[in-house]
Amino acid sequence: VEELAAGLDLEQWQTLAEEQLPLALQGYLLLDRERLERDGRAVVRRLAHHARADRGSITMEQWALVEGPSGITLTASAGTLEYDGLAAMFSGIADDLRVGGELNGHRR
Amino acid sequence: LTAILFDTGSGRLQLDQPSFDCLVAWARGHENPGPELLALRDAGAVQSSGPHPALARALRAVTEPVCTLRLRLADEETRLKAAEGWVSGDTAALLLDLPEPESADGGADGLAPQNNRWISARGPRDFLTVPPDFLPAALARVVRLGPRPRARPEPVNVVADLLDVLLAFDPVQRRDGAERLADILGRAAGRRLASPSRIWQARMTWSGPGDSLTTRSLYVVDSETGMFLAEFEDRRATLWPTTPTVIWRLLIRLLPDTVELG
Numbered sequence: 001v002e003e004l005a006a007g008l009d010l011e012q013w014q015t016l017a018e019e020q021l022p023l024a025l026q027g028y029l030l031l032d033r034e035r036l037e038r039d040g041r042a043v044v045r046r047l048a049h050h051a052r053a054d055r056g057s058i059t060m061e062q063w064a065l066v067e068g069p070s071g072i073t074l075t076a077s078a079g080t081l082e083y084d085g086l087a088a089m090f091s092g093i094a095d096d097l098r099v100g101g102e103l104n105g106h107r108r
Numbered sequence: 001l002t003a004i005l006f007d008t009g010s011g012r013l014q015l016d017q018p019s020f021d022c023l024v025a026w027a028r029g030h031e032n033p034g035p036e037l038l039a040l041r042d043a044g045a046v047q048s049s050g051p052h053p054a055l056a057r058a059l060r061a062v063t064e065p066v067c068t069l070r071l072r073l074a075d076e077e078t079r080l081k082a083a084e085g086w087v088s089g090d091t092a093a094l095l096l097d098l099p100e101p102e103s104a105d106g107g108a109d110g111l112a113p114q115n116n117r118w119i120s121a122r123g124p125r126d127f128l129t130v131p132p133d134f135l136p137a138a139l140a141r142v143v144r145l146g147p148r149p150r151a152r153p154e155p156v157n158v159v160a161d162l163l164d165v166l167l168a169f170d171p172v173q174r175r176d177g178a179e180r181l182a183d184i185l186g187r188a189a190g191r192r193l194a195s196p197s198r199i200w201q202a203r204m205t206w207s208g209p210g211d212s213l214t215t216r217s218l219y220v221v222d223s224e225t226g227m228f229l230a231e232f233e234d235r236r237a238t239l240w241p242t243t244p245t246v247i248w249r250l251l252i253r254l255l256p257d258t259v260e261l262g
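Protein chains in written order, with this note's numbering: chain A, 1 to 108; chain B, 1 to 262.
Careful, some of the hints might be misleading.
[Said to hold, decoys possible] Facing chain B, a subset of chain A residues (Cβ under 7 Å, in silico):
#  : residue
1  : L30
2  : D32
3  : R33
4  : L36
5  : E37
6  : G56
7  : S57
8  : M60
9  : L74
10 : S77
11 : T80
12 : I93
[Unchecked claim] Interface residues of chain B toward chain A, partial, derived using beta-carbon atoms under 10 Å:
#  : residue
13 : L128
14 : R150
15 : P153
No lab work stands behind these hints: they were computed from the structure. Just so you know, these numbers come straight off a predicted model, no measurement behind them. Backbone N, C-alpha and C fix where the C-beta goes; we use that ideal spot for every residue, glycine too.
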């Protein structure tokens, strides 16, 4: 969860993220990006590949949404050769993501 | 003859097809692998004691492969490119066509049918090594997999011959095929397409239990209206709308698992 600059919407935030990811992740390759609706909210889903020295080839899937001033990103990563067997589970976790409400007096 | 360039750090080798064939023949122990051997020695790829250490595993994958890969691609300008791959143990070796300038006759094809192989007749090729788990990403870069618009959900029916023609060696046939496909996809999308589609086919082959030969392949139409996956049935083919995510999963599935390898 990160605080977004004032006025930044989902598309603008994710465009900035797309500029940062290749700088942060070795061998970054964007494979897919789509805009979805989940629980009445706009969500940007991203699929990408990158490399880690200790793990080798990684497939990363992200779902990003905006809640008030916060940007929320759910990231699921797996070794690339394991991704095909985990993709349905990743998608199910993302489908179950619920944002909002209060927990101990704080937004959650 | 293309100059041979060898990066001793990465083991990456740039060479033409005759030089590659010579290198493989030499690795297999042929007494007279070809006149290109001298240039391979000069580049440092071939040494008196054997292949340069940075090349040894890649050459072992080529000469003793568990799986072999063939990829053929026609780009948006209907230029044909090819890739070959060999996987063995912890190594995947790839031989890729490098981009080259348009030739004077207007054709930039590096391909010709030779001994039923999808190989380059001229032009530089890139021989490189990646760990097998990086093979899907290497192929994704070759076919330029990335975000695409979503095609309409209806499948598109075509004759199977059209899909053969789109990857034919004859550039005139390819251009004619690309125009026919653009008409069909344009009618399905309800608008005229501005550019030909990128077409590619990848095929992985391996020997399973009992030495049975198994092949897994995918044929993709990557158009400006979205991506399609071809399913062949006799002389007909169906282009099913698909997504880059599905194509990524199919690229991963090209590699057989340990059960399939027996």
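The hints, checked one at a time:
no.: 1; hint: L30; in the structure: 6 Å, holds
no.: 2; hint: D32; in the structure: 4 Å, holds
no.: 3; hint: R33; in the structure: 4 Å, holds
no.: 4; hint: L36; in the structure: 11 Å, violated
no.: 5; hint: E37; in the structure: 14 Å, violated
no.: 6; hint: G56; in the structure: 5 Å, holds
no.: 7; hint: S57; in the structure: 4 Å, holds
no.: 8; hint: M60; in the structure: 11 Å, violated
no.: 9; hint: L74; in the structure: 16 Å, violated
no.: 10; hint: S77; in the structure: 13 Å, violated
no.: 11; hint: T80; in the structure: 5 Å, holds
no.: 12; hint: I93; in the structure: 16 Å, violated
no.: 13; hint: L128; in the structure: 14 Å, violated
no.: 14; hint: R150; in the structure: 7 Å, holds
no.: 15; hint: P153; in the structure: 14 Å, violated
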